[in-house]
Amino acid sequence: MSAARRHADTLGGAAPPHAVVESPAARRGPLAMRADRLHKDFSIGRGRSRAVLSAVRDVSFDLHRRAVVALVGESGSGKSTVAKLLAGQEHPSSGTISLDGRPIDVASRRGFRRYKSSVQMVFQDPFSSLNPVHTVRYHLERPVRLHREVSGRDAVEAVLVGLAEQVRLTPAQQFLAKYPHELSGGQRQRVAIARALAAEPSVLLADEPVSMLDVSIRLEVLGLLSELRERYELAVLYITHDIASARYFADEALVMYAGEIVERGPAEAVTQQPAHPYTQLLVSSAPDPDALGSVLRSGSRVATRASGSALASARGCRFSPRCPFADDRCRTEAPPLVAVAPDRAAACFRLDVAAPALLHVHGGGGVEDMNQ
Amino acid sequence: MSADVEPVLEISGLSVAYRSAAGDVKAVENVSLALRPGEVVGLAGESGSGKSTLAYGACRLLRPPAVITDGGVTYRGRRLAGRSVDILERSPAELRELRWREIAIVFQSAMNALNPVLRVRDQLLDVVEAHLTLGRQDARERVASLLDLVAIPRDRLRSYPHELSGGMRQRVMIAMALAVDPEVVIMDEPTTALDVVVQREILGQIVELKQRLGFAVLFITHDLSLLIELADRIAVMYAGQLVEVASAHAVHHGPAHPYTRGLLNSFPSLRGARRELAGIPGSPPDLRSLPPGCPFVPRCAFASDACTKLDMVLRPVPGASDQGHVSACPFVLPGAKAPGRPTEDVSEVAS
Chain A
9 MSAARRHADT
19 LGGAAPPHAV
29 VESPAARRGP
39 LAMRADRLHK
49 DFSIGRGRSR
59 AVLSAVRDVS
69 FDLHRRAVVA
79 LVGESGSGKS
89 TVAKLLAGQE
99 HPSSGTISLD
109 GRPIDVASRR
119 GFRRYKSSVQ
129 MVFQDPFSSL
139 NPVHTVRYHL
149 ERPVRLHREV
159 SGRDAVEAVL
169 VGLAEQVRLT
179 PAQQFLAKYP
189 HELSGGQRQR
199 VAIARALAAE
209 PSVLLADEPV
219 SMLDVSIRLE
229 VLGLLSELRE
239 RYELAVLYIT
249 HDIASARYFA
259 DEALVMYAGE
269 IVERGPAEAV
279 TQQPAHPYTQ
289 LLVSSAPDPD
299 ALGSVLRSGS
309 RVATRASGSA
319 LASARGCRFS
329 PRCPFADDRC
339 RTEAPPLVAV
349 APDRAAACFR
359 LDVAAPALLH
369 VHGGGGVEDM
379 NQ
Chain B
6 MSADVEPVLE
16 ISGLSVAYRS
26 AAGDVKAVEN
36 VSLALRPGEV
46 VGLAGESGSG
56 KSTLAYGACR
66 LLRPPAVITD
76 GGVTYRGRRL
86 AGRSVDILER
96 SPAELRELRW
106 REIAIVFQSA
116 MNALNPVLRV
126 RDQLLDVVEA
136 HLTLGRQDAR
146 ERVASLLDLV
156 AIPRDRLRSY
166 PHELSGGMRQ
176 RVMIAMALAV
186 DPEVVIMDEP
196 TTALDVVVQR
206 EILGQIVELK
216 QRLGFAVLFI
226 THDLSLLIEL
236 ADRIAVMYAG
246 QLVEVASAHA
256 VHHGPAHPYT
266 RGLLNSFPSL
276 RGARRELAGI
286 PGSPPDLRSL
296 PPGCPFVPRC
306 AFASDACTKL
316 DMVLRPVPGA
326 SDQGHVSACP
336 FVLPGAKAPG
346 RPTEDVSEVA
356 S
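So the sequences go chain by chain: A and B.
Sequential numbering from 9 applies to the first sequence in our numbering.
Sequential numbering from 6 applies to the second sequence in our numbering.
Mixed in with the good hints, there may be bad ones.
Said to hold, decoys possible - Distance condition first, Cα-Cα at most 25 Å in a straight line; then the derived DMTMM-like pairs of lysine to aspartate or glutamate:
no.	chain 1	residue 1	chain 2	residue 2
1	B	Lys215	B	Asp143
2	B	Lys215	A	Asp296
3	B	Lys215	B	Glu194
4	B	Lys31	A	Glu190
5	B	Lys342	B	Glu281
6	B	Lys342	B	Asp228
7	A	Lys186	B	Asp291
8	A	Lys124	A	Glu98
9	B	Lys342	B	Asp316
Honestly, the hints are just simulated from the structure, not real lab data.
Model, not experiment: these values are computed from the prediction.
Next up, chain A with everything else stripped away, as it sits in the complex:
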C-alpha cells in the first residue's frame, strides 16, 4: 500500500480510493467522470536503447458536472495524453476511467459510440480541426444525425440553428452556409464547440482551446465555454499551459510535471500560494507587468538545466534535477501526493522548506503522516 493510499484511508471510508483530498469541483455538481490511477507507457527507441516512457503516471481526478478542472503543464508534461486517454483515443496501460459510475467500454463499436456521444473534445487548432471543403452546416449536421434522435429536415435544421446561436454565430443561417476559410479563428473555434455540443455530451475535453487564438478574443471563447457548462451542466476538463487562465476559468487546478500530478487544489489557492516548487517556478515565470523595470534580472544567467525525466526507470522525484530544494531523499524516492489542506495536495518531501507558510496555516498534518 502506498503512502498516499494510507493517508487517504485516514480521511474516512467515503473517500474514493484515489482521493487524497476533496475536490473543490465537487461542490458544483454530481460526479460525471472519474480517472482512477491512470498510467500510460510508451516504448521508445530500439534494441539496446529501448526504454519505457511513462507519459502518464498514477493520475487520478474527478470531473463534476458544471465544474471546470484545469490540467496545467508545459509541453511534454503528459496533459494531452491524459485527454487522449479520456477521449478513448488511447488505451491506458493501467487504471480505469469511469463515466457516470460505470467503467467505460470502448472495445465494442456500440459502446464506443455511446461513449463518444457523452465525451466530446475541442482541439487546439481550429484551422486544422475543421474540414476545409465542408460548410459549417455539414460539420454540425453529422454529429446531430449520429448522436441525437432527430429526424426530418426541419427538425434537424432547427437543432442546427439552435447550436449556432448557442455559440453566438448569428445570424445562424448565414454562418451555417459558410466554409471554414470564411471564418476568423475565434469563429472557427466556436464552430468546433458547437460541433462538440451537437452530441449532447456530459463531458467536454478542451485541449488548449484558446492558445491559437488572438489575445483579444480568447476571453470571449473562454467566457462562452464557461456559460455553456452552466447551461448544459457540462463537466469540463480545460487543458492549458497558461496557469493564469486556469486561475480565472477553473474551479480546480491540477498541475502536471513529467507525467505526474504534482499539485492540485482550488485554482485560486494554487496560483496565489503555490506549494510545490514546480508550481512556484511556473507562477514566477509568468509575465508580471507590475514588476516594471526589474525584468528578468534575477536568475538571468541560468545555465542550461537538466529537465525532469519521464523515463519509467528514473528514480526519485521527477522534478528533483531542477528543484532548488531537492535533497538526497528527493533523488531516490518518489514523493506521493499528500494533503496540505482539506482540498489541496502536493507531491513534495520538502514542503516544510518550499512552502512553510502553507504548512503553518494548515497544520501540516499530511506531511507528518508521511514522515513516519
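Could you slot chain B onto chain A? The hints should help.
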C-alpha cells in the same frame, strides 16, 4: 532614454501593401517609429496587425506580392561614423553588407529557421565568415564564444538542430543574430513557441546580453504583458497602423487608446486581486474592407460618429506623464470610463 539621442533606426511614414488581383491590401499604413541606441522597443499587435510586415519591410526582406508603397527607413550605426543610410535606396549588394552586420533578425520558429542538415557550428561559421574577415582558427573561436554567450555548452557545437531542445534552438538563433555584433536586433516573437519557464530564461538572457553588448532591440510580440516588463517603449499596432506609442510605464498605468486598454484587459493576471476581465468584442479586422476613419470603431466601447471621419495620426496625449506618449484616438483620455458595451455582450470569465 532621452528623446534627443539620434535614433539608430528610423522608420518614417512606411506603407506596405500586398498586391492582389482584387486590389491592394494595405498591411502597413503610414507607420513612423524610431529605435534609439541600446533601447528595447516593443511592437505589440495581434496576428494580421502588420507588425511582422513592418519589421521585414524596414529591412527590405519582403517578397512579392508585398511592396513598399511609401515612406523611408534610415539607419545610422556607430560603424558608419555619422553617415546615415537610406535602406530603401540601397542596392542589393549594399543591403547584404547592412543586414546581419548592422541589423540582425531572430525569427519566430527556430525549428524552421535553422538548417536541419548542418551542424550548429557550421551554421554559425557561415555567418561569421560571410561578414567578418577572420582566420579559420579565429572564426572557430568566435563561434565557440558565441555559444558561451547564450549559455550553451561548447560540446553542442557538433549537434544538429534536431538534437537540441526548443529553448536551445532559440538560443542558437540568438547567438547567430549576435554573431557579428549588430547594432540593431529585430526579434519576431522569439519566445512564443516556448514554455513559460524557458521563455523567462531566454528573455533574461536577451536583457543581459543587451546590457553587455549595447545593441537596440525591436521586440515583436502579441503579449503586451510581457512587453510591459521587458521594453523601454511600446508601440501598439492595429490593422496596419500604430494606435499608441508610449513608455512601458505609461502603457501599464495610463493607456490611452481603447484598443490598448482592451488588450491589457484581455490577459488574466496571475498576481494581485482578481480583476474583471473583458476581452475585446467582435473579430479582428479584415484588411480588405476596413471601415472609414478609425479601424477599431466596430469593436470600440467609446465609438461615436466622429470616429468614422477620424484622420489616423498619432497625437500627443494631453496631460500624460510621459512626454513621448502619443495616441491615434483624440477622444479618449487615460482613465476615461467606457460609456457601455457596444454590439454584443461579452460575458466575464466565471468566478
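Unmet hints by their number, sorted upward, for this structure = Structure breaks no hint.
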